[in-house]
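Participant: Read off the chains here:
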Amino acid sequence: MNKELLKKSQSLIALFVLCLAISLLSDKFLTANNLWNVLRQISVNVCISVGMTLVVLTAGIDLSVGSVLAFTSAVCAGLLKNGIALESFDLFIGFTTLGGILAALLIGLLIGVFNGWVITRFSLPPFVVTLAMLTVARGATMLYTQGMPISNLGTSFEYIGSGWLIGIPVPVWISLIVVLIVVFISKKTTFGRYIYAIGGNEKAAFLSGININSIKLAVYGIAGLMAAVGGVLVSSRLNSAQPNAGTSYELDSIAAVVIGGTSLSGGIGSVTGTVIGATIIGVLNNGLVLLNVSPFWQQVVKGLVILLAVIIDQKSKKK
Amino acid sequence: MLKAINISKSFPGVKALNEVNLSFYPSKVNAILGENGAGKSTLLKILTGVYTDYEGEIQLNDQPVKFKNIKDAQKAGIAIIHQELNLIPALNIVDNLFLGQEIRNSWGLLDTPQMTRITKELLQKLELNISPTTLVQNLKVGEQQLIEIAKALLADAQVILMDEPTSALTDKEIENLHRIIADLKKEGKTIVYISHKMDELFRIAETYTVMRDGKSIDAGEMSQTTEQDLIRKMVGREILIQKKQANTTDKNALLSIRNFTLPHHTLKNRNLLDNISFELNEGEILGIFGLMGAGRTELLETIFGVNSTKSKGSISIGNQDVRIQLPKDAIRHGMAFVTEDRKTEGLVLGMNVAANISLTTLSENSLLNEQSERQLAKEYISALAIKTPSAQQLCVNLSGGNQQKVVLAKWLATNPKILMLDEPTRGIDINAKNEIYEIIKKLAAEGKSIIVVSSEIPELLALADRILVMSEGKLKAEFSADEANEDKLLKAAI
Numbered sequence: 001m002n003k004e005l006l007k008k009s010q011s012l013i014a015l016f017v018l019c020l021a022i023s024l025l026s027d028k029f030l031t032a033n034n035l036w037n038v039l040r041q042i043s044v045n046v047c048i049s050v051g052m053t054l055v056v057l058t059a060g061i062d063l064s065v066g067s068v069l070a071f072t073s074a075v076c077a078g079l080l081k082n083g084i085a086l087e088s089f090d091l092f093i094g095f096t097t098l099g100g101i102l103a104a105l106l107i108g109l110l111i112g113v114f115n116g117w118v119i120t121r122f123s124l125p126p127f128v129v130t131l132a133m134l135t136v137a138r139g140a141t142m143l144y145t146q147g148m149p150i151s152n153l154g155t156s157f158e159y160i161g162s163g164w165l166i167g168i169p170v171p172v173w174i175s176l177i178v179v180l181i182v183v184f185i186s187k188k189t190t191f192g193r194y195i196y197a198i199g200g201n202e203k204a205a206f207l208s209g210i211n212i213n214s215i216k217l218a219v220y221g222i223a224g225l226m227a228a229v230g231g232v233l234v235s236s237r238l239n240s241a242q243p244n245a246g247t248s249y250e251l252d253s254i255a256a257v258v259i260g261g262t263s264l265s266g267g268i269g270s271v272t273g274t275v276i277g278a279t280i281i282g283v284l285n286n287g288l289v290l291l292n293v294s295p296f297w298q299q300v301v302k303g304l305v306i307l308l309a310v311i312i313d314q315k316s317k318k319k
Numbered sequence: 001m002l003k004a005i006n007i008s009k010s011f012p013g014v015k016a017l018n019e020v021n022l023s024f025y026p027s028k029v030n031a032i033l034g035e036n037g038a039g040k041s042t043l044l045k046i047l048t049g050v051y052t053d054y055e056g057e058i059q060l061n062d063q064p065v066k067f068k069n070i071k072d073a074q075k076a077g078i079a080i081i082h083q084e085l086n087l088i089p090a091l092n093i094v095d096n097l098f099l100g101q102e103i104r105n106s107w108g109l110l111d112t113p114q115m116t117r118i119t120k121e122l123l124q125k126l127e128l129n130i131s132p133t134t135l136v137q138n139l140k141v142g143e144q145q146l147i148e149i150a151k152a153l154l155a156d157a158q159v160i161l162m163d164e165p166t167s168a169l170t171d172k173e174i175e176n177l178h179r180i181i182a183d184l185k186k187e188g189k190t191i192v193y194i195s196h197k198m199d200e201l202f203r204i205a206e207t208y209t210v211m212r213d214g215k216s217i218d219a220g221e222m223s224q225t226t227e228q229d230l231i232r233k234m235v236g237r238e239i240l241i242q243k244k245q246a247n248t249t250d251k252n253a254l255l256s257i258r259n260f261t262l263p264h265h266t267l268k269n270r271n272l273l274d275n276i277s278f279e280l281n282e283g284e285i286l287g288i289f290g291l292m293g294a295g296r297t298e299l300l301e302t303i304f305g306v307n308s309t310k311s312k313g314s315i316s317i318g319n320q321d322v323r324i325q326l327p328k329d330a331i332r333h334g335m336a337f338v339t340e341d342r343k344t345e346g347l348v349l350g351m352n353v354a355a356n357i358s359l360t361t362l363s364e365n366s367l368l369n370e371q372s373e374r375q376l377a378k379e380y381i382s383a384l385a386i387k388t389p390s391a392q393q394l395c396v397n398l399s400g401g402n403q404q405k406v407v408l409a410k411w412l413a414t415n416p417k418i419l420m421l422d423e424p425t426r427g428i429d430i431n432a433k434n435e436i437y438e439i440i441k442k443l444a445a446e447g448k449s450i451i452v453v454s455s456e457i458p459e460l461l462a463l464a465d466r467i468l469v470m471s472e473g474k475l476k477a478e479f480s481a482d483e484a485n486e487d488k489l490l491k492a493a494i
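Heads up: the sequence lines are chains B and V, in that order. Numbered by full-length UniProt numbering, the letters in the first sequence go through residues 1 to 319 in order. Numbered by full-length UniProt numbering, the letters in the second sequence go through residues 1 to 494 in order.
In isolation and in its complexed conformation, chain B is listed as follows:
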């Protein structure tokens, strides 16, 4: 209990120091405009990463989230723009904004469940299965969009990514709600407890009568669903679905999970830690832009921060 608290305060302190340093170096950092901007930017990664956290807690990984994000955002945009035309039946199905979004979420969920099914049914390593899905979903996106963006999706859809509600950007509301729900699931339900138990000791969990496969299925399903939420946010922000959207987002989300103190070997970590991790990455990106650091250096710095976080984590574990 104390250890977890210590770990969380560790990353909180790191975030605080980072903010302090950037605000000393740039007076543009601590402005309301900029801070809302940071929060809006990280909202996509936060959504993906909380799903990823559950997967990593079971000692798994999901590399397909970036591609699933692209595919779901493309499908969402396609349905909104073109609907489904069944020519042989002389039928046309149009989609409202809500309808398009729900369809995208459903597809994300199904892809995730499929990942989980393959992993558990054939006892394959999650790394390989989701790597395959990464390629498949990206290819499917290209096929569906013909490699072209799908744009002009309507003002009500655009509102989701760009609008404000009670003085807060809508994407921030959405990510906040997502975080609250997943924190609740992970800490207050039997399902959440089983996730930790499976990651902590799968054999003991199995012998305790826990249905390991169904829990894993659900966890990968949630990861897919969260990628779809990210897909909706990204395309609505741009009012356009890009076939290249979400490329390498899986790496950013794994970085957020790791910086947030969740162990890649499972069983230890928390969703709130991941939120802090995603925020650290977001603030770092923002600070480097404000300081006019070249985007190439930004990548180098980000990589070093990840490395540092893991080293500190390992050290504190040994103690």
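A hint or two may mislead.
[To be verified] Derived DSS-like pairs: lysine-lysine, alpha-carbon spacing no greater than 25 Å straight-line:
| # | chain 1 | residue 1 | chain 2 | residue 2 |
| --- | --- | --- | --- | --- |
| 1 | V | K328 | B | K203 |
| 2 | V | K328 | B | K188 |
| 3 | V | K343 | B | K203 |
| 4 | V | K66 | B | K187 |
[Said to hold, decoys possible] Here are the computed distance ranges between Cβ atoms for each label pair:
| # | chain 1 | residue 1 | chain 2 | residue 2 | range |
| --- | --- | --- | --- | --- | --- |
| 5 | V | N105 | B | V289 | 49 to 57 Å |
| 6 | V | M292 | B | K203 | 16 to 24 Å |
| 7 | V | T309 | B | L180 | 40 to 48 Å |
The set of hints was computed from the structure by calculation and includes no laboratory data. Heads up, the beta-carbon is just placed ideally off N, CA and C, and yes, glycines get one too.
We have chain B; now place chain V onto it with these hints.
Facilitator: Just chain V now, with coordinates in the frame of chain B:
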């Protein structure tokens, strides 16, 4: 000559070796005998440089030696052939033999022809008719073992330690191994041979040392002793624990196991469980004794539904046939299984006491009720006298005995009719042991039916109403508490 003089080694809470004295002679097969837990493995680990902090002295050819690591011991000419072989299945014989000591040509590249030639010679010497480039995974277990011996020969080992070398071999393979051992003896090698199989020892060994409770009890020439005598020395401790009076009142069978068979995962003609049938009566404590590898754990696991895809046989509970395909089903039918290894199978060490205890009883798809969880934990912390600062303490921070009680608690929480315990007191101190014995007896008195699997005979004598003996996957004998004693049990198990 390899000599161990006054070797002692302690682990936290346990004295594993207590002033052990041993001598192993060249050109002889030197047998070490002892029950499980007598200290044989610890001794081997000291002789081969795995454990470096011990008291006492090791002498090799009258020179004191102190190995800093495994490599050091190898350099000194000591090789060990483990029960579980240490080969890399996906590499071929040559690669395995020369692993870490590859021969290189003048370009600094692997000199494969040279290594293959040497391998061929070694294989010939061991009368193995196989190509040096065969992958190890395609070899039979007996052949793999000979590859290990070839490795020892390649390293020019003078002392070869063999830990239960025949436990996975067929009769023919054993014969072959013994012939090779005889050859090695002629070359002046010192062979140290650990085995439970008496007939084998009398066939090939010249000297023996009996170990018991971390001490070397007796040593001498095999030709001067008898099987009876050796068994007596192996068990000959005073029984500190009161022997149980048999509970003779007639009882009904609660659990019947019929024709349980579980094939070996790799060996086709071997069964881990071989047509096992028995019954467990209401309110009875049934002991199951067997040496390492007898199939005790596999039996309990199979009953509990762990191996349901591979095993054959049927179970009935209270005259009703039941199908158990997963541990979940077993729990639903009122079974509980306190596993042998609390760290890898019993507990989620990174979770706290309360979460571990409630793990078996949470209802699926619901909210956690932290209050009732804490209540449950509190109940068992006091009922089983678990020493922990609070129910929120992580299990990794508890002592072995208290961890074991948490495992017990998590299973008692399911309120089982049938409780199966696998080595319930392994690696915990004597006080915790006695506490757990008392708990088990109390549970039986409350009407629970209990199976205790153990490799410690006194434990079974203290607890069981009836004792079954297993060996090589078969049920070998059955004793009532009145007729059971250490001699009989050990003899049936060997």
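Participant: Compare the structure with each hint and give your call.
Facilitator: Now for the hints, and whether the structure bears them out:
For the proposed pair K328/V and K203/B, the alpha carbon gap of about 13 Å is at most 25 Å, so the pair holds. A hinted pair counts as satisfied when its Cα atoms are at most 25 Å apart, and K328/V with K188/B qualifies at roughly 23 Å. Only pairs whose Cα atoms come within 25 Å are accepted, and K343/V paired with K203/B is accepted, the gap being roughly 10 Å. The hinted pair formed by K66/V and K187/B fails the criterion: a straight-line CA distance of about 52 Å is larger than 25 Å.
At roughly 56 Å, the beta carbons of N105/V and V289/B sit within the given window of 49 to 57 Å. Between M292/V and K203/B, the C-beta spacing of about 20 Å keeps the proposed range 16 to 24 Å intact. Checked against the hint of 40 to 48 Å, the C-beta distance between T309/V and L180/B comes to roughly 41 Å, which is consistent with it.
Going through the hint list in order, the structure does not satisfy hint 4, though it satisfies all others.
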